[in-house]
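K.L.:
Take the two lone chains and join them into the complex the hints point to.
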Amino acid sequence: MPAITSVVTESRFALGLTFADFVAQATVNQDKFVLNGTTVPLTEEDTSFLRKAAAHPGGPARMLALAEAWCGDVYRELPTAARIAEVTGMELRVFLRDQNLDIMEEFLSNDGKSRAIPVLVFYTKDLEYLTHWTERSASAHAGLAVAMNEAKTKLSLPQTATFGTLRDADRQALLQEVIARVRPFSDQWRRDAIQEIRQLLANALSIPNAG
Amino acid sequence: MQAENKSTAARPLVYTIRGCDSCVKLLKKFEAEGVDFEERRVELSQATLEEARGYGSLVPIVIWPDGRVEQGFGDSIGCFI
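Which chain is which? The protein sequence lines are A and B, in order. Counting along the first sequence from 1, when you hit position 3 you're at 3 in my numbering, and nothing is skipped either side. Counting along the second sequence from 1, when you hit position 73 you're at 284 in my numbering, and nothing is skipped either side.
Only chain B is shown next, with the shape it has when bound in the complex (with noise of 0.2 Å):
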């Protein structure tokens, strides 16, 4: 099932697990490429958790504004969540 709670920002959603390597790779690119993001933290609630679900099985999960979904980063799949 596709998450309700989509990206409608024009800017990109970023699911992440601040233990996750992948997720804090993929936030210092971002942050230093300049990117403007909103970060969902999905260990801090099992709300987001859900919603993060609802997109894919890996994060970080990235929605950008055009509807694509990405998972993982770099050479990492991810972390399953």
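Okay, chain A solo, but in the shape it has when bound (with noise of 0.2 Å):
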């Protein structure tokens, strides 16, 4: 949650960038915004539901994102927020993390203890905080954990083993089976998270989540 007196103040979301502008500034990746801005997952309902929200009264006007260029999982969502901000009319605003660790303060996962990214905050047109959704869906984390649960399985490693507990040989064949298991799941992930995104504004608005 956003501190009562949050560091973001109209002067404040003005300074961050433009989504172009976060791309172009961007010294990796600038593929991957460019190839995921054009498969963004929003179907004509997503789409219709976040122009609802958008018009609610008190509804999202403004939305920040802090974010990294190097971040995988920044290069599969934050273009997803751009297209949100295109076809709502929402201002987006780009803010890089490493840059802006007061803002990012304000808005840590894991019990305070990450500092995880992209962060895509929603506010009103006059700046009062709405809602914010952290890094991958929950189906992205959970997905993780099955993988890495079977992936512990068909290398005979104990199902109480931590990846910081394993020897080298095993971390690493661990790691590799897990890789290959969450992969094909990306574009599922992104569906996911609109749908998250949407019962957040649902939930912050008091609206139905239907388009």
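Hints are all accurate, no fakes.
Below are the DSS-like pairs computed for lysine-lysine, each with C-alpha atoms no more than 30 Å apart in a straight line:
#	chain 1	residue 1	chain 2	residue 2
1	A	Lys113	A	Lys152
2	A	Lys32	A	Lys113
3	B	Lys239	A	Lys152
4	A	Lys113	B	Lys239
5	B	Lys236	A	Lys32
6	A	Lys113	B	Lys240
7	B	Lys236	A	Lys113
8	A	Lys52	A	Lys125
9	A	Lys152	B	Lys236
10	A	Lys152	B	Lys240
Simulated from the structure, these hints should not be mistaken for lab results.
P.N.:
Printed below as a string of structure tokens:
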């Protein structure tokens, strides 16, 4: 949750980058941002709901994104944020996490221990906080956990083993298995992220999650 | 495809992202243990990123002088690249 007195003021919000400027300044992964921008899995029903939410009194008019171009979760999900802004008319401003740690401090995850990105924060036109979404969908977190357990079984590793307690060779074998298992689910995670964002906005505005 | 640019000296080559907690922890460990290593920062150029992807999908990636490749560090799998 953001602080009662947020560092995100009108003047600070205006300092954020547009999505185009964020991609232009990126030293890596420009191709992935462009490619993922062409494949955002936003359905007509999603668009209809998001437009209704944006038009609702006190609805989202501004979106702040914390991001870094090197992060896989960012190049998977930030293009979705840009597309949502495009179809709803929300003003999107992107802030580089490592240059804006004071903003990041307002949106830590994992019980305040993690600076996970991307963070997408939705505000009213008057910059009143509505809700925020972080990093990846719940299905992605769950999928990683399932992949980890399945990989341990395949490699005959104890289910109680943690990544940090395994021998180097076992850890590397486990990683290869996990990566192979989760890679096919990237598009599903993107679709699930949109559904989570919809539900967060529906909850924040007390409106039905329907297009 | 295996990257061409291997660790040629008798010291490990480490691909990192300075914003990645696992990478920072690995660097601190190496420094505390006095390990002589070469660091290549993935976030600074697409060429270095592609080089790292030739070895794996997660940083940190360590290429040991004997050719062993290790991804991730500690309790975390690391950061997808």
